[in-house]
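Input sequences plus hints: build the corresponding full structure.
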Amino acid sequence: MMKQLSALVCGIATVGAITVAAVPAEAAPVKTRVILMPGQQVGNQSLAPAYGAMADELTNRGYPTTVLDLPGKDMRKDARTVAGAVERLRRAHPHDRVALVAHSVSGISSRWYLKEMGGASKVATYVAIGTAQYGSPASCRADIARENCPKTPFLKQLNAGDDTPGPTKYFGIRSVNEYADGHLDGGQCRVTPIPINDVPAGFDHTIEPLTPAVWDATAASLAGRCQGRFVTVPDGVLTARKSMLPTAPFYAEYKN
7 MMKQLSALVC
17 GIATVGAITV
27 AAVPAEAAPV
37 KTRVILMPGQ
47 QVGNQSLAPA
57 YGAMADELTN
67 RGYPTTVLDL
77 PGKDMRKDAR
87 TVAGAVERLR
97 RAHPHDRVAL
107 VAHSVSGISS
117 RWYLKEMGGA
127 SKVATYVAIG
137 TAQYGSPASC
147 RADIARENCP
157 KTPFLKQLNA
167 GDDTPGPTKY
177 FGIRSVNEYA
187 DGHLDGGQCR
197 VTPIPINDVP
207 AGFDHTIEPL
217 TPAVWDATAA
227 SLAGRCQGRF
237 VTVPDGVLTA
247 RKSMLPTAPF
257 YAEYKN
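To get my numbering, take the position in the sequence shown, counting from 1, and add 6.
Note that these hints are calculated values from the structure, not bench results. Any given hint could turn out to be false.
To be verified - Each computed DSS-like pair below joins lysine-lysine, with the alpha-carbon atoms no more than 25 Å apart: (1) Lys128 - Lys83; (2) Lys175 - Lys248; (3) Lys162 - Lys83; (4) Lys248 - Lys128; (5) Lys128 - Lys37; (6) Lys37 - Lys175; (7) Lys157 - Lys83; (8) Lys79 - Lys157; (9) Lys162 - Lys37; (10) Lys128 - Lys157; (11) Lys162 - Lys175; (12) Lys248 - Lys157; (13) Lys83 - Lys175; (14) Lys128 - Lys162.
Here the structure is a predicted model, which means the values were calculated and not measured.
Written out as C-alpha coordinates, the structure reads:
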(Lines of atoms letter the chains of each structure in order from A and count residues from 1; the text may use other names and numbers.)
(Lines give C-alpha, C1' and ligand atoms only; values in the text may rest on other atoms or scores of the structure.)
Protein backbone atom coordinates (compact mmCIF):
# COMPACT_ATOMS: atom_id res chain seq x y z
CA MET A 1 0.00 0.00 0.00
CA MET A 2 2.78 2.45 0.90
CA LYS A 3 4.52 1.74 -2.40
CA GLN A 4 1.27 2.42 -4.23
CA LEU A 5 0.76 5.73 -2.41
CA SER A 6 4.36 6.73 -3.11
CA ALA A 7 3.92 5.96 -6.77
CA LEU A 8 0.67 7.93 -6.87
CA VAL A 9 2.23 10.99 -5.18
CA CYS A 10 5.23 10.85 -7.53
CA GLY A 11 2.89 10.62 -10.49
CA ILE A 12 0.93 13.67 -9.37
CA ALA A 13 4.12 15.64 -8.81
CA THR A 14 5.39 14.64 -12.24
CA VAL A 15 2.17 15.61 -13.96
CA GLY A 16 2.20 18.88 -12.09
CA ALA A 17 5.74 19.61 -13.20
CA ILE A 18 4.88 18.84 -16.79
CA THR A 19 1.83 21.06 -16.63
CA VAL A 20 3.80 23.98 -15.28
CA ALA A 21 6.56 23.53 -17.83
CA ALA A 22 4.06 23.35 -20.68
CA VAL A 23 2.55 26.78 -19.97
CA PRO A 24 3.90 29.03 -22.77
CA ALA A 25 5.44 32.37 -22.01
CA GLU A 26 3.24 35.32 -22.95
CA ALA A 27 3.88 36.22 -26.58
CA ALA A 28 5.28 39.64 -27.33
CA PRO A 29 2.69 41.95 -28.91
CA VAL A 30 2.86 42.22 -32.69
CA LYS A 31 4.25 45.54 -33.86
CA THR A 32 3.98 47.38 -37.14
CA ARG A 33 7.48 48.30 -38.28
CA VAL A 34 7.80 51.10 -40.79
CA ILE A 35 10.15 51.72 -43.69
CA LEU A 36 9.96 55.46 -44.41
CA MET A 37 11.13 56.54 -47.87
CA PRO A 38 11.90 60.10 -48.97
CA GLY A 39 11.28 61.35 -52.48
CA GLN A 40 14.08 61.36 -55.03
CA GLN A 41 17.40 63.02 -54.32
CA VAL A 42 18.05 66.59 -55.42
CA GLY A 43 21.16 66.33 -57.56
CA ASN A 44 23.23 63.92 -55.52
CA GLN A 45 21.97 65.32 -52.23
CA SER A 46 20.04 62.85 -50.09
CA LEU A 47 16.85 64.10 -48.47
CA ALA A 48 16.88 61.33 -45.87
CA PRO A 49 18.19 63.50 -42.97
CA ALA A 50 15.12 65.74 -43.27
CA TYR A 51 12.86 62.75 -42.51
CA GLY A 52 14.40 62.04 -39.11
CA ALA A 53 11.77 64.01 -37.21
CA MET A 54 8.94 62.05 -38.81
CA ALA A 55 10.74 58.76 -38.16
CA ASP A 56 11.24 59.67 -34.51
CA GLU A 57 7.61 60.72 -34.15
CA LEU A 58 6.25 57.48 -35.60
CA THR A 59 8.66 55.46 -33.45
CA ASN A 60 7.51 57.32 -30.34
CA ARG A 61 3.92 56.46 -31.23
CA GLY A 62 4.71 52.76 -31.26
CA TYR A 63 5.70 52.24 -34.88
CA PRO A 64 9.47 51.60 -35.00
CA THR A 65 10.63 53.43 -38.12
CA THR A 66 13.76 53.37 -40.24
CA VAL A 67 14.50 55.71 -43.15
CA LEU A 68 15.40 54.13 -46.48
CA ASP A 69 17.05 56.45 -48.98
CA LEU A 70 16.00 55.99 -52.63
CA PRO A 71 17.84 58.06 -55.26
CA GLY A 72 14.91 58.08 -57.69
CA LYS A 73 17.06 57.80 -60.82
CA ASP A 74 16.09 54.22 -61.66
CA MET A 75 12.71 53.30 -60.24
CA ARG A 76 13.02 49.57 -60.86
CA LYS A 77 16.36 49.59 -59.05
CA ASP A 78 14.75 51.53 -56.20
CA ALA A 79 12.01 48.88 -56.06
CA ARG A 80 14.68 46.21 -55.64
CA THR A 81 16.17 48.28 -52.80
CA VAL A 82 12.74 48.34 -51.14
CA ALA A 83 12.48 44.56 -51.57
CA GLY A 84 15.83 44.05 -49.85
CA ALA A 85 14.87 46.31 -46.95
CA VAL A 86 11.57 44.45 -46.45
CA GLU A 87 13.32 41.07 -46.42
CA ARG A 88 15.89 42.24 -43.87
CA LEU A 89 13.15 43.57 -41.62
CA ARG A 90 11.13 40.38 -41.89
CA ARG A 91 14.15 38.25 -41.00
CA ALA A 92 14.96 40.43 -37.99
CA HIS A 93 11.35 40.57 -36.76
CA PRO A 94 9.49 37.60 -38.25
CA HIS A 95 6.39 38.02 -36.08
CA ASP A 96 5.83 41.72 -36.77
CA ARG A 97 4.05 43.51 -39.60
CA VAL A 98 5.82 45.63 -42.22
CA ALA A 99 4.48 48.97 -43.46
CA LEU A 100 5.80 51.17 -46.26
CA VAL A 101 5.41 54.94 -45.88
CA ALA A 102 6.54 56.67 -49.04
CA HIS A 103 6.74 60.34 -49.95
CA SER A 104 6.53 61.63 -53.50
CA VAL A 105 8.06 59.46 -56.23
CA SER A 106 9.19 56.78 -53.78
CA GLY A 107 5.50 55.90 -53.60
CA ILE A 108 5.78 54.79 -57.22
CA SER A 109 8.88 52.62 -56.86
CA SER A 110 7.53 51.03 -53.67
CA ARG A 111 4.22 50.30 -55.41
CA TRP A 112 6.16 48.64 -58.25
CA TYR A 113 7.61 46.37 -55.59
CA LEU A 114 4.16 45.59 -54.21
CA LYS A 115 2.54 44.87 -57.56
CA GLU A 116 5.27 43.68 -59.91
CA MET A 117 7.60 41.92 -57.44
CA GLY A 118 5.12 40.16 -55.17
CA GLY A 119 5.62 42.51 -52.26
CA ALA A 120 1.90 42.83 -51.52
CA SER A 121 2.00 39.43 -49.81
CA LYS A 122 4.65 40.71 -47.39
CA VAL A 123 3.53 44.26 -46.58
CA ALA A 124 0.55 45.00 -44.34
CA THR A 125 0.14 48.71 -45.06
CA TYR A 126 1.16 51.10 -47.83
CA VAL A 127 0.90 54.84 -47.15
CA ALA A 128 1.70 57.17 -50.05
CA ILE A 129 2.20 60.85 -49.23
CA GLY A 130 2.02 63.34 -52.09
CA THR A 131 2.51 60.64 -54.72
CA ALA A 132 1.34 61.33 -58.28
CA GLN A 133 0.24 57.74 -58.87
CA TYR A 134 -0.56 58.25 -62.55
CA GLY A 135 2.48 60.36 -63.29
CA SER A 136 3.87 63.81 -62.69
CA PRO A 137 4.39 66.42 -65.42
CA ALA A 138 7.52 67.58 -63.60
CA SER A 139 9.12 64.19 -64.27
CA CYS A 140 8.87 64.67 -68.03
CA ARG A 141 11.48 67.43 -67.97
CA ALA A 142 13.55 66.42 -64.96
CA ASP A 143 16.90 64.66 -64.83
CA ILE A 144 15.51 62.03 -62.47
CA ALA A 145 12.34 59.94 -62.16
CA ARG A 146 11.71 60.16 -65.91
CA GLU A 147 9.78 56.90 -65.66
CA ASN A 148 7.14 58.81 -63.71
CA CYS A 149 6.30 61.00 -66.69
CA PRO A 150 2.65 60.19 -67.50
CA LYS A 151 2.06 57.45 -70.07
CA THR A 152 5.57 56.01 -70.03
CA PRO A 153 5.72 52.22 -70.57
CA PHE A 154 6.74 51.93 -66.90
CA LEU A 155 3.60 53.67 -65.67
CA LYS A 156 1.35 51.92 -68.17
CA GLN A 157 2.51 48.56 -66.82
CA LEU A 158 2.24 49.68 -63.21
CA ASN A 159 -1.28 51.03 -63.61
CA ALA A 160 -2.64 48.21 -65.77
CA GLY A 161 -5.11 46.08 -63.86
CA ASP A 162 -5.75 46.41 -60.15
CA ASP A 163 -3.62 49.16 -58.56
CA THR A 164 -4.12 47.79 -55.05
CA PRO A 165 -3.40 44.03 -55.16
CA GLY A 166 -3.07 41.56 -52.32
CA PRO A 167 -3.97 41.87 -48.64
CA THR A 168 -2.06 45.16 -48.27
CA LYS A 169 -4.11 48.13 -47.06
CA TYR A 170 -3.60 51.21 -49.23
CA PHE A 171 -3.76 54.83 -48.03
CA GLY A 172 -3.26 58.09 -49.93
CA ILE A 173 -2.34 61.29 -48.09
CA ARG A 174 -1.80 64.70 -49.67
CA SER A 175 -1.87 68.39 -48.87
CA VAL A 176 -4.72 70.53 -50.17
CA ASN A 177 -2.60 72.20 -52.84
CA GLU A 178 -0.89 69.13 -54.30
CA TYR A 179 -0.75 68.93 -58.09
CA ALA A 180 -2.08 65.35 -58.26
CA ASP A 181 -4.83 63.66 -56.27
CA GLY A 182 -2.87 60.45 -55.58
CA HIS A 183 -5.86 58.21 -56.29
CA LEU A 184 -5.59 54.50 -57.07
CA ASP A 185 -8.18 52.12 -58.45
CA GLY A 186 -9.14 49.06 -56.48
CA GLY A 187 -9.61 49.70 -52.75
CA GLN A 188 -7.94 52.74 -51.19
CA CYS A 189 -8.43 55.02 -48.22
CA ARG A 190 -8.29 58.57 -49.56
CA VAL A 191 -7.35 60.60 -46.53
CA THR A 192 -8.99 64.03 -46.34
CA PRO A 193 -6.53 66.54 -47.90
CA ILE A 194 -4.48 68.35 -45.28
CA PRO A 195 -4.15 72.16 -45.31
CA ILE A 196 -0.60 73.48 -45.01
CA ASN A 197 -0.67 77.20 -44.42
CA ASP A 198 1.87 80.03 -44.60
CA VAL A 199 4.08 78.49 -47.30
CA PRO A 200 4.65 79.75 -50.86
CA ALA A 201 2.61 78.08 -53.58
CA GLY A 202 4.18 74.82 -54.68
CA PHE A 203 6.08 74.21 -51.44
CA ASP A 204 3.31 72.18 -49.80
CA HIS A 205 4.64 69.03 -51.42
CA THR A 206 8.16 69.58 -50.12
CA ILE A 207 7.22 70.08 -46.49
CA GLU A 208 4.56 67.37 -46.16
CA PRO A 209 6.96 65.05 -44.26
CA LEU A 210 7.78 67.92 -41.88
CA THR A 211 4.14 68.64 -41.04
CA PRO A 212 2.63 67.31 -37.76
CA ALA A 213 -0.82 66.96 -39.35
CA VAL A 214 0.70 64.60 -41.91
CA TRP A 215 2.34 62.64 -39.09
CA ASP A 216 -1.08 62.33 -37.42
CA ALA A 217 -2.71 61.09 -40.62
CA THR A 218 0.13 58.62 -41.17
CA ALA A 219 -0.11 57.23 -37.64
CA ALA A 220 -3.88 56.82 -38.03
CA SER A 221 -3.34 54.95 -41.29
CA LEU A 222 -0.80 52.63 -39.67
CA ALA A 223 -3.41 51.90 -37.01
CA GLY A 224 -5.87 50.97 -39.76
CA ARG A 225 -8.10 54.04 -39.38
CA CYS A 226 -9.30 55.74 -42.55
CA GLN A 227 -9.44 59.47 -41.86
CA GLY A 228 -11.32 60.20 -45.04
CA ARG A 229 -13.17 57.91 -47.44
CA PHE A 230 -12.52 54.32 -48.39
CA VAL A 231 -13.17 54.12 -52.13
CA THR A 232 -13.34 51.17 -54.52
CA VAL A 233 -12.88 52.11 -58.18
CA PRO A 234 -12.93 49.74 -61.19
CA ASP A 235 -9.82 49.40 -63.30
CA GLY A 236 -9.65 51.77 -66.27
CA VAL A 237 -11.55 54.69 -64.71
CA LEU A 238 -8.49 56.68 -63.59
CA THR A 239 -6.21 58.49 -66.04
CA ALA A 240 -3.28 60.89 -65.83
CA ARG A 241 -5.54 63.76 -66.85
CA LYS A 242 -8.14 62.96 -64.21
CA SER A 243 -5.49 62.66 -61.50
CA MET A 244 -4.08 66.14 -62.14
CA LEU A 245 -5.66 68.98 -60.21
CA PRO A 246 -6.33 72.28 -62.01
CA THR A 247 -3.44 74.00 -60.21
CA ALA A 248 -0.89 71.54 -61.67
CA PRO A 249 1.71 72.85 -64.13
CA PHE A 250 0.95 71.85 -67.74
CA TYR A 251 -2.62 70.90 -66.72
CA ALA A 252 -3.99 72.07 -70.05
CA GLU A 253 -1.64 69.74 -71.95
CA TYR A 254 -3.42 66.60 -70.74
CA LYS A 255 -6.04 65.23 -73.11
CA ASN A 256 -7.09 62.11 -71.22
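Verification of the supplied hints:
1. Proposed proximity of Lys128 and Lys83 is supported: the alpha carbons are some 19 Å apart, at most 25 Å.
2. Straight-line distance between C-alpha atoms of Lys175 and Lys248 comes to about 23 Å, which keeps the hinted pair within the 25 Å bound.
3. The suggested pairing of Lys162 with Lys83 holds, with an alpha-carbon distance near 18 Å, which does not exceed 25 Å.
4. Using a Cα cut-off of 25 Å, the hinted pair Lys248 and Lys128 is violated, with the two alpha carbons roughly 31 Å apart.
5. Taking the CA atoms of Lys128 and Lys37, the gap is near 14 Å; set against the 25 Å cutoff, the hint holds.
6. For a cut-off of 25 Å, the pair hint linking Lys37 to Lys175 stands: about 16 Å separates their Cα positions.
7. Pair hint Lys157 plus Lys83 holds up; C-alpha atoms about 20 Å apart against a cutoff of 25 Å.
8. In summary, the hint linking Lys79 to Lys157 is supported, as the alpha carbons are separated by about 18 Å, within the 25 Å threshold.
9. For a cut-off of 25 Å, the pair hint linking Lys162 to Lys37 is broken: about 35 Å separates their Cα positions.
10. Annotation: proposed proximity of Lys128 to Lys157 is violated, straight-line Cα distance about 28 Å (limit 25 Å).
11. For the suggested pair Lys162 and Lys175, the alpha carbons sit about 22 Å apart, so the restraint of at most 25 Å is met.
12. A threshold of 25 Å between alpha carbons decides the hint, and for Lys248 with Lys157 the separation of about 13 Å falls inside it, so the pair holds.
13. At most 25 Å may separate the alpha-carbon atoms for a hinted pair to count; Lys83 and Lys175 meet this at roughly 24 Å.
14. Restraint check: the Cα-Cα separation between Lys128 and Lys162 comes to about 24 Å, which is no more than 25 Å; the hinted pair holds.
The structure fails hints 4, 9, 10 (numbered hints given earlier, in ascending order).
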